[in-house]
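Undergrad: In case you want the letters, here they are:
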Amino acid sequence: MALPIYVLDTLFYSSLLFLIIAGLNLIYGILRVVNLAHASLFTFGAYATAWITTSLIVPRLGENLLALMVLPLVLAVILVILVSLALVTPLLRYSQGRGDAFQLIVTFGLLIIFEDLFKLIWGPHPVSAYNLFFQMGFIDIAGLRYPVYKFYVILLTAILALALWYVTYRTAFGLVLRASSMDPHMATALGLNTSRFLVIVIVLASALAGLGGALYIPVASVQLGVSTEFLVIAFVGMVIGGLGSFIGAVVGSLIVSSLRTLTLIVFPELELVVLYLVAVIVLLWKPEGIGGGRGW
Amino acid sequence: MLVSRRDFIKGLVGGLIVGAVAGAGAVYVAGPRREEVKPPEVGARIPTTPLKVGLQYMTKGGGAAWGDPTYKGARLAIEEINAAGGILGRRLEFVERDEAGADATKAEFEKLITIDKIDVHFCCISSGNTPALAPIAEEYRVLTFFADGCTDILFEKVVPNPRFTFRITNIQSADGVTAALGAIKFFNLMEKDKVRVAHIHPDYAYGRNAYQHIQVVFEKVLGKDRVEIVYEGWPKLFGVTDFGPFITSILASGADVLATSLWAADWINFYKQALGYGLFKKVKVVSTISHGIAPHMVGSDYPDGQIAGVHANYYFLYPEHESYPLNRDFVRRYYERWGEYPTNGSEGAYVSVYLYKSAVERAYQALGRWPEPEEVIPFLEGASILGPAGILSIRARPPNKHQGYKNAITGISRVDPKLGFSIVADPLRIPIERVTVPEGWEGPTEPTMTYNWIKATWREGVLPI
Amino acid sequence: MVEAFRRELGNSLAAIAILVAVLGVAYPILRFIAPGYAIYLTYGVIWSIAALGFNLLYGYTGLLSFGHATFIGIGAYTVGLTMKYLGLRELEPMLVTAMVASAALALAVGPVVLRYGGIFFAIFMLAIGQILWGFYLKFYHVTGGTDGIKIGRVELLGFDLGRIDYLTYLTIYHYYVLAIAAIAYIVMWYIVNSPLGYSLKAIRDNEVRARALGIDTLQLKLIAFTISAVYTGLAGALLAPLTRLVSPELAYWFVSGKIVFMTILGGASYLIGPIVGAIVYTYLESIAMGYTIYWYLLLGILIIAVMILSPRGLMSLVDSLLMRTRLRWGVWQRPS
Numbered sequence: 064m065a066l067p068i069y070v071l072d073t074l075f076y077s078s079l080l081f082l083i084i085a086g087l088n089l090i091y092g093i094l095r096v097v098n099l100a101h102a103s104l105f106t107f108g109a110y111a112t113a114w115i116t117t118s119l120i121v122p123r124l125g126e127n128l129l130a131l132m133v134l135p136l137v138l139a140v141i142l143v144i145l146v147s148l149a150l151v152t153p154l155l156r157y158s159q160g161r162g163d164a165f166q167l168i169v170t171f172g173l174l175i176i177f178e179d180l181f182k183l184i185w186g187p188h189p190v191s192a193y194n195l196f197f198q199m200g201f202i203d204i205a206g207l208r209y210p211v212y213k214f215y216v217i218l219l220t221a222i223l224a225l226a227l228w229y230v231t232y233r234t235a236f237g238l239v240l241r242a243s244s245m246d247p248h249m250a251t252a253l254g255l256n257t258s259r260f261l262v263i264v265i266v267l268a269s270a271l272a273g274l275g276g277a278l279y280i281p282v283a284s285v286q287l288g289v290s291t292e293f294l295v296i297a298f299v300g301m302v303i304g305g306l307g308s309f310i311g312a313v314v315g316s317l318i319v320s321s322l323r324t325l326t327l328i329v330f331p332e333l334e335l336v337v338l339y340l341v342a343v344i345v346l347l348w349k350p351e352g353i354g355g356g357r358g359w
Numbered sequence: 272m273l274v275s276r277r278d279f280i281k282g283l284v285g286g287l288i289v290g291a292v293a294g295a296g297a298v299y300v301a302g303p304r305r306e307e308v309k310p311p312e313v314g315a316r317i318p319t320t321p322l323k324v325g326l327q328y329m330t331k332g333g334g335a336a337w338g339d340p341t342y343k344g345a346r347l348a349i350e351e352i353n354a355a356g357g358i359l360g361r362r363l364e365f366v367e368r369d370e371a372g373a374d375a376t377k378a379e380f381e382k383l384i385t386i387d388k389i390d391v392h393f394c395c396i397s398s399g400n401t402p403a404l405a406p407i408a409e410e411y412r413v414l415t416f417f418a419d420g421c422t423d424i425l426f427e428k429v430v431p432n433p434r435f436t437f438r439i440t441n442i443q444s445a446d447g448v449t450a451a452l453g454a455i456k457f458f459n460l461m462e463k464d465k466v467r468v469a470h471i472h473p474d475y476a477y478g479r480n481a482y483q484h485i486q487v488v489f490e491k492v493l494g495k496d497r498v499e500i501v502y503e504g505w506p507k508l509f510g511v512t513d514f515g516p517f518i519t520s521i522l523a524s525g526a527d528v529l530a531t532s533l534w535a536a537d538w539i540n541f542y543k544q545a546l547g548y549g550l551f552k553k554v555k556v557v558s559t560i561s562h563g564i565a566p567h568m569v570g571s572d573y574p575d576g577q578i579a580g581v582h583a584n585y586y587f588l589y590p591e592h593e594s595y596p597l598n599r600d601f602v603r604r605y606y607e608r609w610g611e612y613p614t615n616g617s618e619g620a621y622v623s624v625y626l627y628k629s630a631v632e633r634a635y636q637a638l639g640r641w642p643e644p645e646e647v648i649p650f651l652e653g654a655s656i657l658g659p660a661g662i663l664s665i666r667a668r669p670p671n672k673h674q675g676y677k678n679a680i681t682g683i684s685r686v687d688p689k690l691g692f693s694i695v696a697d698p699l700r701i702p703i704e705r706v707t708v709p710e711g712w713e714g715p716t717e718p719t720m721t722y723n724w725i726k727a728t729w730r731e732g733v734l735p736i
Numbered sequence: 005m006v007e008a009f010r011r012e013l014g015n016s017l018a019a020i021a022i023l024v025a026v027l028g029v030a031y032p033i034l035r036f037i038a039p040g041y042a043i044y045l046t047y048g049v050i051w052s053i054a055a056l057g058f059n060l061l062y063g064y065t066g067l068l069s070f071g072h073a074t075f076i077g078i079g080a081y082t083v084g085l086t087m088k089y090l091g092l093r094e095l096e097p098m099l100v101t102a103m104v105a106s107a108a109l110a111l112a113v114g115p116v117v118l119r120y121g122g123i124f125f126a127i128f129m130l131a132i133g134q135i136l137w138g139f140y141l142k143f144y145h146v147t148g149g150t151d152g153i154k155i156g157r158v159e160l161l162g163f164d165l166g167r168i169d170y171l172t173y174l175t176i177y178h179y180y181v182l183a184i185a186a187i188a189y190i191v192m193w194y195i196v197n198s199p200l201g202y203s204l205k206a207i208r209d210n211e212v213r214a215r216a217l218g219i220d221t222l223q224l225k226l227i228a229f230t231i232s233a234v235y236t237g238l239a240g241a242l243l244a245p246l247t248r249l250v251s252p253e254l255a256y257w258f259v260s261g262k263i264v265f266m267t268i269l270g271g272a273s274y275l276i277g278p279i280v281g282a283i284v285y286t287y288l289e290s291i292a293m294g295y296t297i298y299w300y301l302l303l304g305i306l307i308i309a310v311m312i313l314s315p316r317g318l319m320s321l322v323d324s325l326l327m328r329t330r331l332r333w334g335v336w337q338r339p340s
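Residue numbers (this note's numbering), protein chains in the order written: chain A, 64 to 359; chain F, 272 to 736; chain Y, 5 to 340.
It is worth saying that the hints were derived from the structure and are not from the lab. This one's a predicted model, so the numbers in the text were calculated from it and none came from an experiment. Just to be clear, a hint being listed does not mean it is correct.
For each label pair, taking beta carbons as the anchor points, the in silico distance ranges come out as [as the list claims (entries may be wrong)]: (1) F:Asp575 <-> A:Ala205: 24 to 32 Å; (2) F:Arg362 <-> Y:Leu90: 49 to 57 Å; (3) Y:Ile312 <-> A:Leu124: 42 to 50 Å; (4) Y:Leu90 <-> F:Leu657: 43 to 51 Å; (5) A:Arg156 <-> Y:Ile305: 14 to 22 Å; (6) A:Leu129 <-> F:Lys689: 32 to 40 Å; (7) F:Gly653 <-> Y:Glu159: 32 to 40 Å; (8) Y:Leu90 <-> A:Ile141: 54 to 62 Å; (9) Y:Tyr120 <-> F:Ser571: 52 to 60 Å; (10) A:Phe330 <-> F:Thr716: 26 to 34 Å; (11) Y:Tyr120 <-> A:Arg156: 54 to 62 Å; (12) Y:Ala30 <-> A:Ile141: 46 to 54 Å.
Derived pair list, reagent style DSS-like, types lysine-lysine, alpha-carbon separation capped at 30 Å [said to hold, decoys possible]: (13) Y:Lys88 <-> F:Lys428; (14) Y:Lys205 <-> F:Lys507; (15) F:Lys463 <-> F:Lys495.
Positions of the beta carbon are idealized from the N, C-alpha and C atoms, including for glycine.
Using the sequences provided together with the hints, build the complete structure.
TA: Next comes the structure, spelled out in structure tokens:
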């Protein structure tokens, strides 16, 4: 009876996950760096969007639908890109080639720095901006109300995924992406893995994560701890889908989201456990992931 | 690369000798001390040094919506007392720390005792923390007043014979019982053939307690065959920001009534998101605690007609200001100081400080000098104090020795046009004896004594109010 | 004494002996001058056992586990559950059980998990840790969920310490822990200086070559993994009577990150590096926590600073400091 709702919720959640995992895979695939602080950019995007919406947009433009849809998103993503360039990019570039332990520890440090930065800037209370959520209204599906906003997110992310697919498989830039992730040394030898290219990759990944946060905030609130909540699930998705792979991001996000919905319905107590168990199983059975192969 | 035996033995023996000397010295320095009550010294009856007061409430994180007003209540009391000359002339100096997860809260508490050397501690709103801190307070013999963290297990299981720990706000079981009684009365549940109940509670002591007591009251008063649980959700406390899946499941379950003990940030998130799904049009909500945060934070978008719980303790409008100046003045002073209205946490913390003051003063009158912590205890047990909420009394005998009791209250949510936010209207005041296990009663403690007392003594099908 | 200094700094038994002596003497001194901070010495010693175990796997075998909190959790919950359900008060059987349980888990997952190296192994361990964390969290009726299990006073070596005052109890516990730690340190010294230790280092340096030399890498890795688990499980069990509370937070992956950092802070290529790192970190954390609510910020900056400026840890700084004076003391060997 509520099946369509569950399906939609799954798609919604997997959209958010996809945006995070795609970025994670870009960074891992091309720079071979594991970035524990990636979800922090998601959270930053959420905080920024909430703040922009409530402090800048609503006081000036009221509850104008178009303004609410476009402006906070764009501005927040720009902010996320700036923050990424300032804090994240240098660290990730420095971590390249320095070994897994180095990367894990350094990005772990970055993760906890971000947590406190959020506390510093936005305070310890949860922050929200439900305006767009309410503005878009809801429709009736199978006798239950469903927010139009979630449709919007699913649609938008699908378009984005298609765009990303197009870029990856139909453009020169995408060719470089794939080549670099399959064989970084060769790519460097061919003069492809330039500094500028790598920075663009990191910025792209960060923008995707920030966008995810911006899309998340209207339906929920953001508070300290959201980063780790999404990070660990994103990691599981990354592993299940395939490290460093675009298809892996799609597959991983869908699988993880479906699993999560299933366990929430059937056995909510074990929601957390099931995800990790599946990750372990996938790592054992097919370490390169269900969707992935070699690189992006 | 082999170590020569000689060097190894040299090193080992050296280490052992040094260690033994150090150990002996340590035991000498920190050795067992006999309990000594110092005889009164002439001319030094009251210390002139300030009294160091520990304050530890959730002022950050998801619980801040609750902890912050509680903290402000304690601060107001401290400031008023200092302005009036302190306790027996001693100024109160507070040291504040954050309250968070049990681990961290305990660690900070221990630091307050051992490093900051507090004389008395006022803390805690989370039921996860009071059972963790109480044993520490007892070990270090520091008088500790819990404003909240009202879980029954504290004095029923963890510290059944407390000496230094006290708790002010109503015991947790009263919360669930009051909410359930309110729901039965206001929603006319006794007239219905069947009541389908959905539950959503945070996954920790408080949530489980609420669930158990709401259920036992429903089943007792309505009859077990009339009550059906159609859904249970247990989100991690302050761990879920998107309640969509839960809301959808609740709607899909066909519930008539949603019982919940989600509080602070969790509840604000939930109700706002639930509005979007139209939950309140289909389901009647019974909350133990929805209106327990700073009153203005329950916005004008909050739906009318839901059970508006205040942790069974206090809502700033009652006792009515016209008839009860103590409450009127407290609310006024609190508002002037902090720019917002007090919560039940504010009142509880406020009264806890005054309770301590009153006990110390009475101990002084009896002893002729400043009392040691253990000497204050007899003046707290069985004591009563008049507060903004009414009379609070501290139980002297088990079960729940050292628990504070006052009459319970709940009501219906209604947006007040003048105040601009949702208030608790149509207050239902219940004498506390009706909803909690009495002094001297004996019975099993699993899950709580109140639960078993209700099961054993309440009459089936009768609404006891 | 001079001879001792001539050996590898930080890897010798003499260094261990000095360290243990310092930890023994420092306690009463701290009680005198800054009593509130004495308890952190005990915590530091306990974490040093965990870090030492972790480093056997990381520094000596080259395997980074981002999930060692798993064993801390096993150790702590062993104590909690046996106290709660069996009513046991003596600590020794609980310690043994904790070590056996940790070894059991290691032997169960090891053969599978150790086939993978690098990032896979790290994430594997994280996932396993989180699975257990999820169990501790959700099986409320058994584990108490987020409320945890309260730990009363334990009996040490058969003595019932219920009557003495709290500070004395803590003091006795410190020396108890220190004695166990001393044994643990010495055993670790033997391990890394034994043929097993050399084989592990060979695997760390070049696994393919090690295998070519006839070393059964999987079996040795399994042994190292199990020993590592046992040490960390022991530490987890020793933590419980001190924190007085066993909660899922102890098994959360953050703790794994802290163990990794402690080790690196001290210096993963020195035997006593993790010990030094654990103690220094414990103090840093407690001071930072009391100093500011933004202590995550400080810690994060510290982590990054250490990794960039001194990735070989504090011991390497000590080493280079002393290297400058080595002419006075004779020839030294550099650490491995």
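Undergrad: Look at each hint and say if it fits the structure.
TA: Now the hints, each set against the structure:
1. Here the CB-CB span from F:Asp575 to A:Ala205 is close to 28 Å, well matched to the stated 24 to 32 Å.
2. Checked against the hint of 49 to 57 Å, the pair F:Arg362 and Y:Leu90 passes, with Cβ atoms roughly 50 Å apart.
3. Between Y:Ile312 and A:Leu124 the Cβ separation comes to about 44 Å, which falls inside the hinted range of 42 to 50 Å.
4. Remark: the range hint 43 to 51 Å for Y:Leu90 to F:Leu657 is upheld by a beta-carbon distance near 48 Å.
5. Between A:Arg156 and Y:Ile305, the C-beta spacing of about 18 Å keeps the proposed range 14 to 22 Å intact.
6. Checked against the hint of 32 to 40 Å, the C-beta distance between A:Leu129 and F:Lys689 comes to roughly 36 Å, which is consistent with it.
7. For F:Gly653 paired with Y:Glu159, a C-beta distance near 36 Å keeps the hint of 32 to 40 Å intact.
8. Range check, Y:Leu90 to A:Ile141: Cβ separation about 60 Å, and the 54 to 62 Å hint holds.
9. For the pair Y:Tyr120 and F:Ser571, the beta carbons lie near 57 Å from each other, so the given range of 52 to 60 Å is met.
10. Evaluation of the 26 to 34 Å hint for A:Phe330 and F:Thr716 yields a pass: the beta carbon distance comes to about 30 Å.
11. Between Y:Tyr120 and A:Arg156 the beta carbon distance is about 27 Å. The supplied range of 54 to 62 Å is therefore violated.
12. Separation of Y:Ala30 from A:Ile141 is about 53 Å and conforms to the stated range, judged on CB atoms against 46 to 54 Å.
13. For the given pair, Y:Lys88 sits about 12 Å from F:Lys428 by alpha-carbon distance, which is consistent with the 30 Å threshold.
14. For the given pair, Y:Lys205 sits about 44 Å from F:Lys507 by alpha-carbon distance, which is inconsistent with the 30 Å threshold.
15. Between F:Lys463 and F:Lys495 the alpha-carbon distance is near 13 Å, which keeps this suggested pair within the 30 Å criterion.
In summary, the numbered hints that this structure violates are 11, 14.
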